[in-house]
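Engineer: Spelled out from the first residue to the last, the chains are:
Protein chains: 4
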Amino acid sequence: MAIAPSQEQLAKLRIEVASWAYGNSGTRFRVFGTPGTPRDPFEKIADAAQVHAATGLAPTVAIHIPWDRVDDYDALRRHAEDLGVAVGTVNSNTFQEEDYKFGSLTHPDARVRRKAVDHHLECIDIMRATGVRDLKIWLADGTNYPGQDSIRARQDRLAEGLAAIYAALDADQRLLLEYKFFEPAFYHTDVPDWGTSFAHTVALGEQAKVVLDTGHHAPGTNIEFIVAQLLRLGKLGAFDLNSRFYADDDLIVGLADPFQLFRIMHELVAGGGYGDPDVQLVLDQCHNIEAKIPGQIRSVLNVQEAVAKVLSIDTEALAAAQRDCDVLLANDILMDAYSTDVRPMLAELRAARGLPEDPMRHFLASGYLERIADERVGGAQASWGA
Amino acid sequence: MAIAPSQEQLAKLRIEVASWAYGNSGTRFRVFGTPGTPRDPFEKIADAAQVHAATGLAPTVAIHIPWDRVDDYDALRRHAEDLGVAVGTVNSNTFQEEDYKFGSLTHPDARVRRKAVDHHLECIDIMRATGVRDLKIWLADGTNYPGQDSIRARQDRLAEGLAAIYAALDADQRLLLEYKFFEPAFYHTDVPDWGTSFAHTVALGEQAKVVLDTGHHAPGTNIEFIVAQLLRLGKLGAFDLNSRFYADDDLIVGLADPFQLFRIMHELVAGGGYGDPDVQLVLDQCHNIEAKIPGQIRSVLNVQEAVAKVLSIDTEALAAAQRDCDVLLANDILMDAYSTDVRPMLAELRAARGLPEDPMRHFLASGYLERIADERVGGAQASWGA
Amino acid sequence: MAIAPSQEQLAKLRIEVASWAYGNSGTRFRVFGTPGTPRDPFEKIADAAQVHAATGLAPTVAIHIPWDRVDDYDALRRHAEDLGVAVGTVNSNTFQEEDYKFGSLTHPDARVRRKAVDHHLECIDIMRATGVRDLKIWLADGTNYPGQDSIRARQDRLAEGLAAIYAALDADQRLLLEYKFFEPAFYHTDVPDWGTSFAHTVALGEQAKVVLDTGHHAPGTNIEFIVAQLLRLGKLGAFDLNSRFYADDDLIVGLADPFQLFRIMHELVAGGGYGDPDVQLVLDQCHNIEAKIPGQIRSVLNVQEAVAKVLSIDTEALAAAQRDCDVLLANDILMDAYSTDVRPMLAELRAARGLPEDPMRHFLASGYLERIADERVGGAQASWGA
Amino acid sequence: MAIAPSQEQLAKLRIEVASWAYGNSGTRFRVFGTPGTPRDPFEKIADAAQVHAATGLAPTVAIHIPWDRVDDYDALRRHAEDLGVAVGTVNSNTFQEEDYKFGSLTHPDARVRRKAVDHHLECIDIMRATGVRDLKIWLADGTNYPGQDSIRARQDRLAEGLAAIYAALDADQRLLLEYKFFEPAFYHTDVPDWGTSFAHTVALGEQAKVVLDTGHHAPGTNIEFIVAQLLRLGKLGAFDLNSRFYADDDLIVGLADPFQLFRIMHELVAGGGYGDPDVQLVLDQCHNIEAKIPGQIRSVLNVQEAVAKVLSIDTEALAAAQRDCDVLLANDILMDAYSTDVRPMLAELRAARGLPEDPMRHFLASGYLERIADERVGGAQASWGA
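Chains as they are written, first to last, in full-length UniProt numbering: chain A, 1 to 386; chain B, 1 to 386; chain C, 1 to 386; chain D, 1 to 386.
Hints were generated in silico from the structure; no laboratory data involved. These numbers come from a predicted model, not from an experiment. Since no wrong hints were added, every one of them can be taken at face value.
Just so you know, same-sequence chains aren't split out, so a pair can sit in one copy or run between any two.
25 Å max Cα-Cα, derived SDA-like pairs, lysine to any residue:
no.: 1; residue 1: Lys235; residue 2: Gln9
no.: 2; residue 1: Lys115; residue 2: Ala153
no.: 3; residue 1: Lys101; residue 2: Leu369
no.: 4; residue 1: Lys12; residue 2: Ala49
no.: 5; residue 1: Lys101; residue 2: Thr315
no.: 6; residue 1: Lys115; residue 2: Ser383
no.: 7; residue 1: Lys12; residue 2: Glu316
no.: 8; residue 1: Lys235; residue 2: Gln173
no.: 9; residue 1: Lys12; residue 2: Asp257
Model the full structure from these sequences, guided by the hints.
Structural biologist: Structure (structure tokens):
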């Protein structure tokens with residue numbers, strides 16, 4: 001029953017990768033290193049460019065400030081362009097200084113709040129320097145104990161801080177507000193759910209949108225519903241894609257629940273978000289124990305396969321079965337597309353576009369991993385802490 | 001460190017009880033009956049009036065249509081008044097007819113949607129006949145299987161249906177939209193979270209508010225955050241109070257996690273919702289295995305104790321500790337109030353207001369339970385199915 | 001990388017269906033009926049036989065006592081055989097009489113415990129009369145409120161009751177003890193987890209085994225781990241298969257998380273349980289809103305597809321990658337099998353075995369559904385309550 | 001209805017504290033430091049001794065190897081004794097070396113498994129040198145991706161490794177095996193639940209017991225049931241106490257769900273584990289943002305209050321109500337004890353035993369915190385990484 005999607009449709013897919021995925025990451029128990037890990041933003045972008053070269057799917061690289069601070073942002077921009085990619089979303093970071101122990105934009109102390117706002121103004125400057133449109137804000141703000149601070153007062157401070165940042169945006173820039181259920185705060189977080197992101201971005205204005213990270217929900221949450229709802233409300237700005245079995249595990253997208261990824265992409269397509277540059281797909285993952293660049297290649301291919309399956313849905317037949325309340329037939333039409341092996345179709349698409357038919361094999365055979373392991377000696381490997 | 005709240009503050013508490021709590025309820029596995037269970041709305045209200053007589057806390061009784069349909073609503077209203085209570089919120093029900101198998105306001109078929117809207121218009125008529133302000137809408141609408149229906153199309157139908165109902169309200173009436181995580185729909189529900197209720201009620205207008213049922217969230221959800229947020233946004237219309245360990249267990253409020261109830265009441269008080277007639281406290285429980293009227297008395301007392309503890313918080317000291325980021329002190333101030341045994345203080349309050357000091361003992365000694373067991377023979381006991 | 005499994009391997013699959021799946025079921029909110037629903041055990045078995053006729057996968061039908069009580073069990077047995085199937089596991093039921101309101105084998109009152117034991121002795125008699133090996137025990141026992149009863153005392157009573165039942169088994173019969181996280185009990189259940197089932201069945205002896213129902217776990221539980229562990233410990237007696245998004249949703253197996261079903265089947269195969277008659281695969285589902293017989297056909301096909309994918313895993317390559325700690329390669333080998341479209345292979349298998357290549361289409365075209373809708377008028381449709 | 005417990009009963013409480021609680025801890029996002037944080041095991045024990053001095057409740061201090069490795073264990077032992085405490089449980093650590101990236105006792109490579117066993121043999125030597133009875137094993141072992149390694153093979157390796165360690169124990173030593181739902185492994189952990197710990201410790205023998213960490217369960221798990229079950233099975237060796245709202249949050253015990261702590265202590269007392277030296281109560285917490293020594297004082301007091309409430313339960317009346325299936329009365333008897341303010345009674349107990357009536361105030365007034373902040377300059381503050 002599945003239909004064959006057009007190459008044109010398939011070719012609309014763009015996935016942003018994140019610079020920090022190429023550095024080391026881990027848990028509170030241990031951060032394991034790997035030979036060849038980048039030591040600076042330039043090397044991170046070089047690695048990211050490999051993913052795009054192999055797959056044709058990842059033309060932009062998100063950066064994180066201060067992790068990716070450089071002296072010359074124009075040089076960084078040109079470096080990326082020379083490698084066939086571009087600098088993407090600028091991510092702020094207000095969780096790694098002593099001042100932020102009890103919050104940033106929501107902190108009880110006005111001095112700290114001011115500092116956090118200023119950090120975002122710096123990010124907006126960097127956006128201008130790198131030609132970037134989107135500022136993504138994820139806050140570690142929250143409390144660990146009931147009573148520690150006023151939940152309500154913190155919301156008001158948050159609104160105030162966001163307004164100050166929003167006011168500094170250029171007309172063609174956007175503020176994207178991410179929500180997260182928990183971690184690192186363990187009693188309450190100041191932006192815990194899509195409703196909170198939504199309410200704040202509505203209050204800010206048209207240039208403010210919501211970021212949906214697929215790992216940032218309570219157990220059992222129907223994420224595709226939120227996708228459909230935010231698209232309907234015109235407020236879905238970007239995805240942070242990854243997989244989770246338990247919490248914010250930040251595993252490779254599509255490897256914990258590939259059917260969920262398919263359903264999410266189904267709502268993205270159905271709601272008109274697919275191929276829309278205003279709805280960004282971004283990988284936000286941690287390759288704690290697996291090879292990083294191959295992990296990223298696997299990730300973008302997983303998203304591509306999910307999208308290809310979604311584009312194979314016979315939407316007319318589906319709509320008819322839904323109209324008839326034929327539960328099993330409607331579900332069958334969906335599952336039929338999901339059960340289809342789209343890999344041969346995607347290999348053809350790659351061949352037609354001059355890309356390696358098997359990107360993973362191509363990359364592993366390229367010798368790149370061996371080369372960086374040899375060359376990148378000395379210096380400090382990039383990680384969350386630096 | 002706890003302070004003594006004034007009797008005036010304590011006396012502001014009003015809790016609505018629900019007629020269906022006095023009928024039989026159960027699980028899909030079994031509905032157990034009890035001698036003396038009411039057989040009609042008049043007997044339900046008689047039982048509910050006992051709760052108010054014993055506690056002085058429960059002056060209104062929510063009704064459910066069609067379960068509480070009567071020929072003469074004015075008679076029902078007078079019956080309640082004669083017993084010292086009043087008819088409260090009118091709850092609609094669009095989940096017990098064959099037509100609603102696949103939804104009501106969200107159904108693919110326009111005929112069923114129209115029927116569901118008409119049912120709500122009938123409810124509004126009953127509100128007029130009984131002098132009731134609030135229409136509470138909880139929908140069982142949703143799907144069990146991915147693909148069964150379009151999540152997005154159902155949202156649009158929902159918006160349309162709600163708008164039609166809202167348009168029929170008198171200027172002093174309100175529409176309250178309840179959300180629920182899951183059950184009876186097992187893949188998606190059409191109003192799963194506060195964000196969805198919020199977005200719809202904002203679109204409807206000032207007379208539309210959100211209902212927060214404490215049992216309708218994903219595991220681990222910080223409910224008091226939602227309370228604080230909805231109060232801040234001016235959209236919290238009512239609570240459905242109950243307890244849960246797992247899902248929508250509908251147990252007696254305060255018996256699964258009394259500290260959570262305290263935290264919820266803390267945000268209610270802190271956000272100005274306590275004592276505000278526009279933020280209703282309602283019990284929505286199922287006494288599957290315990291005695292019903294005593295279960296209701298226990299419930300309103302649990303809420304009263306939680307509120308009394310909250311009113312014992314030294315809010316000035318708390319604010320100071322929060323300002324100082326003194327995590328342990330701030331938490332200690334909260335916990336100190338929580339650890340206080342407020343029962344003697346509440347017994348005094350009752351004595352001062354001419355109420356029995358020990359409402360449960362008083363009621364059990366009254367012989368009412370024995371009397372209704374003797375008198376209510378024959379007829380069909382009220383339950384969800386009738 | 002996936003390999004082609006042999007038809008002999010594929011043909012080992014046997015799935016037991018349950019008689020109650022053909023009757024009506026629902027939630028506490030509503031049980032919807034369908035034309036043609038069976039009115040007695042004979043009609044249920046007739047429907048079940050259709051599933052086997054269409055798929056060749058479902059040769060046995062579990063029964064539930066008292067729902068499937070008949071005067072002449074030999075007649076029931078012959079009826080099944082005439083239709084090409086056999087009576088399967090006997091399921092006891094101690095949750096639908098007033099006496100069981102507070103428990104059955106764990107009840108504080110010795111009289112009720114004795115009654116519950118006697119019910120199981122009746123089930124064992126029925127096993128003898130129908131030539132059935134397995135007695136499956138799932139208990140609704142538990143409490144709704146802390147303190148309601150002694151958790152510890154109930155365990156001791158449970159052990160005593162199970163021992164009495166176990167003692168009555170013939171040497172070739174088995175007692176299968178199912179566990180469940182919650183529902184209908186909402187504070188604690190007396191057999192909440194595999195550890196409890198395991199401890200009791202170890203205490204009972206070799207003829208006692210554990211039943212794993214895929215919907216009976218806490219959110220996030222790694223079910224395939226339990227499968228691997230119970231097989232290792234020699235204590236996995238049977239599966240109750242179904243799907244869930246939230247709680248014990250009892251949806252069609254493989255439609256909520258098909259990758260989880262694949263992983264579960266992978267551990268079944270890896271642990272030697274596949275094709276072993278001592279590890280039964282049973283469907284335990286509720287077709288609340290979808291057509292029942294087609295729902296069952298879809299279910300057994302979903303299991304078959306999952307098994308076929310598992311049998312396509314290149315286990316030698318997988319073991320080598322695991323030995324090398326090559327995380328991505330090992331995962332890729334697994335995912336490659338999962339991504340394979342096994343439906344053509346299974347159509348061939350069916351053709352080779354004289355079965356319809358497309359069982360669903362074949363059944364829907366047979367006119368059976370229309371026939372039973374016409375013929376089965378009058379009488380009471382079977383459901384959980386009868 | 002609550003009864004007054006005897007001082008003798010109250011005085012039986014012993015809580016072990018953990019050395020690592022006095023060092024810095026945090027999340028993967030950030031570890032915040034505090035002035036005065038210990039730099040070596042001797043300073044950690046000095047801090048721990050303050051908790052015992054203030055409360056009389058914490059006579060032993062668990063250590064962690066290699067974090068607490070010293071040249072002279074006898075000196076460490078005497079240092080503790082001089083300060084009025086003793087060295088407690090020895091905790092192994094096989095998660096912070098590169099070798100353990102893919103597991104320790106379960107690693108595919110026999111060399112790594114041997115190394116992990118050897119580490120435990122070293123721990124047993126340290127137990128002998130410090131006069132410690134208990135070896136506590138928590139493994140970070142697990143996998144992040146399906147297929148990464150064989151779940152079954154890892155169980156077999158685990159059994160083998162544990163057997164080798166167990167064989168090295170002296171006759172009066174114990175092996176305590178802790179289980180954990182997830183983290184740092186995100187797909188499966190090798191000891192995820194009490195059933196797995198139980199099965200392994202049964203296979204090992206009488207000197208092997210289970211450790212229950214209150215933060216290591218799936219959402220919604222009824223922990224007190226597991227306490228009751230393990231006590232019944234004679235296999236509960238120790239608790240790791242802490243609080244959690246979401247995952248393994250490691251917050252101060254009793255501050256997330258004080259009623260749950262009460263219920264856990266209720267089963268401990270009811271099952272005979274209270275006051276039994278074979279059932280250890282240990283704090284395992286992370287004071288990421290709050291003061292550490294005060295955080296520990298608060299913790300042991302919270303446990304003491306919970307125990308005092310439990311000892312206030314009128315157990316005879318409770319048993320009678322349970323026998324009568326009087327759900328509300330039985331629950332009321334429990335809740336009555338829970339609602340009692342036991343703090344005055346505990347202040348009296350302290351006075352009678354020559355302890356400060358208000359331990360927190362006493363400690364804060366002592367100047368200890370200021371002194372260590374002044375004195376402990378230079379050196380590296382202890383944390384998980386060192």
